[in-house]
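J.: What follows is the residue order along each chain.
Number of protein chains: 2
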Amino acid sequence: MQFHHHGYVSGDPRRQPVAGVGIDRPVDLPEQMDVLVVGTGPAGMITAAQLSQFPGVSTRIIERREGRLEVGHADGLQARSVETFQAFGFAERLAAEAHHVTEFAFWQPDPADPRRIARAGRAPDDPKGLSEFPHILVNQARVLDYFAAFMADAPTRMSPDFGIAYVDHEVCPGREFPVRVTLARTTGERAGEQLEVETKYLVGADGAHSRVRTAMGRTFEGHSANHAWGVLDVLADTDYPDVRVLSTIQSSAGNMMVIPREGGFLFRLYVDLGEVSQDDAGAVRNTPAEAAIAQANAVLHPYSLDVKQVAWFSVYEVGHRLADRFDDDAAEPRVFILGDACHTHSAKGGQGMNVSLQDGFNLGWKLGHVLDGRAAASLLTTYDAERKAIAKNLIDFDKAWAAAIGSKADGSAEAAAVPEHFTSTIEFRTGFRTEYPPSMAVAEGTHQALATGFPIGQRFASPRVARVADTNPVHLGHHATADGRWRVYVFADAAAPGDPGSVVASTAQWLTTSPDSPLVGLPEGVVVHDRFDLKVVYQQHHHAVEWGQVPDLFKPRVGPYALVDRGCVHATLPDEDVYALRGIDRAGVIVVVRPDQYVAAVLPLRAPEELTGFFDGLGPR
Amino acid sequence: MQFHHHGYVSGDPRRQPVAGVGIDRPVDLPEQMDVLVVGTGPAGMITAAQLSQFPGVSTRIIERREGRLEVGHADGLQARSVETFQAFGFAERLAAEAHHVTEFAFWQPDPADPRRIARAGRAPDDPKGLSEFPHILVNQARVLDYFAAFMADAPTRMSPDFGIAYVDHEVCPGREFPVRVTLARTTGERAGEQLEVETKYLVGADGAHSRVRTAMGRTFEGHSANHAWGVLDVLADTDYPDVRVLSTIQSSAGNMMVIPREGGFLFRLYVDLGEVSQDDAGAVRNTPAEAAIAQANAVLHPYSLDVKQVAWFSVYEVGHRLADRFDDDAAEPRVFILGDACHTHSAKGGQGMNVSLQDGFNLGWKLGHVLDGRAAASLLTTYDAERKAIAKNLIDFDKAWAAAIGSKADGSAEAAAVPEHFTSTIEFRTGFRTEYPPSMAVAEGTHQALATGFPIGQRFASPRVARVADTNPVHLGHHATADGRWRVYVFADAAAPGDPGSVVASTAQWLTTSPDSPLVGLPEGVVVHDRFDLKVVYQQHHHAVEWGQVPDLFKPRVGPYALVDRGCVHATLPDEDVYALRGIDRAGVIVVVRPDQYVAAVLPLRAPEELTGFFDGLGPR
Ligand SMILES: Cc1cc2nc3c(=O)[nH]c(=O)nc-3n(C[C@H](O)[C@H](O)[C@H](O)COP(=O)(O)OP(=O)(O)OC[C@H]3O[C@@H](n4cnc5c(N)ncnc54)[C@H](O)[C@@H]3O)c2cc1C
Ligand SMILES: Cc1cc2nc3c(=O)[nH]c(=O)nc-3n(C[C@H](O)[C@H](O)[C@H](O)COP(=O)(O)OP(=O)(O)OC[C@H]3O[C@@H](n4cnc5c(N)ncnc54)[C@H](O)[C@@H]3O)c2cc1C
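If you read the sequences in order, they're chains A and B.
Position in the first sequence (from 1) plus 8 gives the number in our numbering.
Position in the second sequence (from 1) plus 8 gives the number in our numbering.
Please keep in mind that the hints were generated in silico from the structure rather than gathered at the bench.
Values in this document were obtained by computation on a predicted structure and should not be read as measured data.
Positions of the beta carbon are idealized from the N, C-alpha and C atoms, including for glycine.
Be a bit skeptical, because a hint or two may be false.
Pairs of lysine-lysine, PhoX-like flavour, derived with a Cα cap of 25 Å [claimed, not checked]: (1) A:Lys208 - A:Lys396; (2) B:Lys316 - A:Lys563; (3) A:Lys396 - A:Lys407; (4) B:Lys396 - B:Lys208; (5) B:Lys563 - A:Lys316; (6) B:Lys396 - B:Lys407.
Only some residues are given here: those of chain A computed to face chain B with a beta carbon under 7 Å [as the list claims (entries may be wrong)]: (7) Met9; (8) Gln10; (9) Glu105; (10) Ala319; (11) Asn480; (12) His483.
Hey, can you work out the whole structure from these sequences and the hints?
T.: Structure (structure tokens):
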């Protein structure tokens, strides 16, 4: 965590210095803004939180509810989401209060007496150790709380505008604020009152029944029938041995999932209520909690459940659905939909909140860069291109998984395949399967061979290195906060700093001085460090890196006192050689990582012009 | 973190349910209280924070300053302190904002040109990996902030009473509230106004110039002359390469220490101003910051320092002093002094805040237990007995260290010994050297051989085990929060649970039912779990521990719904055998750990009567 460079801070360093639109932020919703986000679910909150780091961009986030979410909704967070929270500064704090998943258990009818269930298998959750972050289970409300705290402490001092619902919008091209939006107050004395506002961009993160989607005229196609689940968050007494292990139960009485939750006592049950026929007319939604509990007891036999408190109960009725596009226009998008507003899937895969978060993380920085004049508006077309394919994959994964665990416990091959299916989909479940195709925001894989451990288009898997200035072993990627900057990781050639043949030195020289360098010719008042987070990693032990010999490019001066940021120079750990572990060419490599942590380019250290090529493709400097 | 067992909590789980004296806690200082703590430094705050966990005990903490500490004072936190903060729930959060020390650097005159300094050596900070916690540097104010947040969220909802100074006290034996204390308001309209209050116990944590100590008539003896340091927290530009490494500089121009600090930019300089003669009459205290900076520049030559902001400057004048006793009475103490009020030493060893914290952690639970009727008042006599010896050792350590690094850089053996001295005192520096002698709170070492890795009287070094219910690998000791309970760790014999010969089973049976068991015959309304945190560790893999076979003693029921706490049953990790690593006898061992994390007893599993012997010695059940 870096602070004090704007002068000494006595209190909580997580509270960033106020700046830009945060200085006089109007309490009430203004009539005009750069971005209007609809909905404070995970998708909306992460988008707004990311934009809260752009002091020049005015963002508002509205929510029809009158306050924070208090209970219920999703609870599964993959390692990829926790990795994302790390960039927002609350991964450790959330993980400390969450349940950690380390194993999965599978229960099926006892072959000796199929009316009873018996444990059929167990599997480690992440056998390959894919991530340094845990897989956790915690109420969605807490995730939203942490995003709210983050944006409140951001330079823009943001907070959601509760009690305001989106009603309709209209895009009027050619205007400065081309999206005219009709809103309505939902609470207070003026409930029902309508408001008209104008925004440059509208973000519909308003859930599965999205009105933004409808107003855009997008279709939402999928499986004709929905699947219904009785979802119960309970405090209960039970002799079911795996009540604190994530488990699927396929019994002769039906199917169920048991989700241990935060705090050591609470758990969630997903009681399968089956496919909902077209003519159900909402009947399933009236299933009482008691009926779901009775069904849970039937499934658990010979174990039983004595519920003491139902913290939350809902019938979650969902189908596999996908919007035809995630924006309003393929060429000049002004309206976007995210999360459940554009894709829905069963709760069984535990993917909903996670994928929605990545939608928002993907869109947030792009909006920030375009509005801040750092990128061409066409960057926004990559949102639909990148995220729709992911949603499609997800639905395919979810269908297969739902079919497996929803299958009859009849000893069929399908049922028997559950544990295997579980294990083989680990990369998907952790959230690390996403790979964006080449676009203006992802380079071609021409030089991929130079750093095989950083696949282009996939999220940057952080390696450990030694920080030279303070000798700390650190995770290189953990210093990339959600500040909207591009990361340029320079993996040095074999020469030590100061060596006359150092390629790092000549590349740094070119980057610092050449008129063709993407770091040169930035707008008035903007310094390299504001836009680019440049870090160098040398192949030597940190004692062999002489500070005075490191190029100044990696010693940026920041803040009003122009203090040197000494956190940008790294060496190789003696017992953990990043070059060997990540297949990095010892002639030197530049790895470019996007603000949302995806690898954008892998380039030879000797050819920094290629960096120019990549950044020129994004538009203005 | 355990929660929801009192019913579902929607917000931050760190906010504990209000209880006892927290329910109607008076905003203003009342006339009577159980404990009055004077001073909100580290010693006072940890004492109050510990007492905030006792809903039956009314505690107030007064401070003559008008509000929180904003800047300055100590900054070094050993691993032992961070381990302590873990019990108060803020270790991770504080560590995330702190500077982490991994190496130490020693600078001395360059033999080739003694007017210049050169790096003479480096040493790893914790070469033996003594702790899973880091050694960190962060402003004392932040430590105090976290304690304040902890007590505000405690069942007793405590906060310091600022703007109130201690003036004097008198002990009137035989009364229910025997200590009559005179206070004075220091701020606001009523500044100067005196108040009289009565308390059962008075805790003087009022720093080096303690008036409580003076009023008690304690002496404060030591070295006749003080040593003076110019202490500067600065934001500065410098080419000194180790500005982000904890370093000592012995130069021909004088001595200095460089302390990198939180946030990546700030650092502290301790500029040695030498011994202060008796007839100095405060002259040294008037040293201006500019003079200290000029001296720092002279020491650093050929490097230099351009200070941009002085966040804090102070002349810290301190001697080695020790009070003759840490309480007012050897038999029935009612008044205690802690921290700087009873021992002072140089800043160089970085010990001040750490030792003060352990003073308070030691006293806090004892006061809580005595006032709560869980222990005889004589337990309080162990405070002086335990802590005075530690303070004495500390002063000896500090003298030697100060002599070494304060020595002239003259190539003498003393000067050359600095790095070696540093390395050989690692256990002291980490805070793990403390060993309390046998007393009513520490058993004799009769059975020490049964668990050689848990030395009696030393702090319990947490081993890793597998938690059976949720399959998580966990640090056994990290589940011991600062809740004031005794820990009873039962390391099982080799039999699996359910095995008819299981010694754990028979011992659990005895502990649960025998009238001689310390767990039987507790006061009305008190359950075992309120007083004792019992945890069992089996020798098997966690898959081999069948939940239904584990004795109910280790499945306590808690809260209004009598929910089973499933966090008390552990197994052995396949790749980290706690029995082998800690020399635990495979016939089974009971390890008793105090509320302040010190090992109190090691007993054979077959002889639970010895547990009775130990707890009977403490007084009432
Ligand atoms: C009742 C419910 C139960 C769920 N249960 C589960 C579950 O058990 N397991 C699981 O994995 N997932 C569950 N989900 C889905 C999971 O929560 C979502 O996948 C995830 O939250 C998607 O995030 P999102 O931000 O896209 O949408 P949401 O979290 O749905 O957020 C949408 C937000 O927009 C607000 N909103 C809607 N319309 C408007 C409007 N017109 N104006 C202003 N604000 C509006 C809503 O109040 C809401 O706060 C549930 C969702 C709901 C709504
Ligand atoms: C000005 C100063 C500078 C220091 N600099 C360093 C340093 O550079 N390095 C280092 O290692 N250590 C330093 N220390 C010492 C270090 O802070 C202490 O070792 C550590 O704080 C001890 O904690 P404590 O709780 O015993 O006392 P303190 O932290 O001193 O706390 C005592 C508290 O009691 C309050 N108080 C005092 N008298 C009264 C009264 N009559 N009524 C009510 N409240 C009262 C004080 O305002 C203070 O808040 C410094 C201490 C001080 C006071």
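J.: When the hints from earlier in the document are held up against this structure, which numbers fail?
T.: Result: hint 12 breaks, nothing else.
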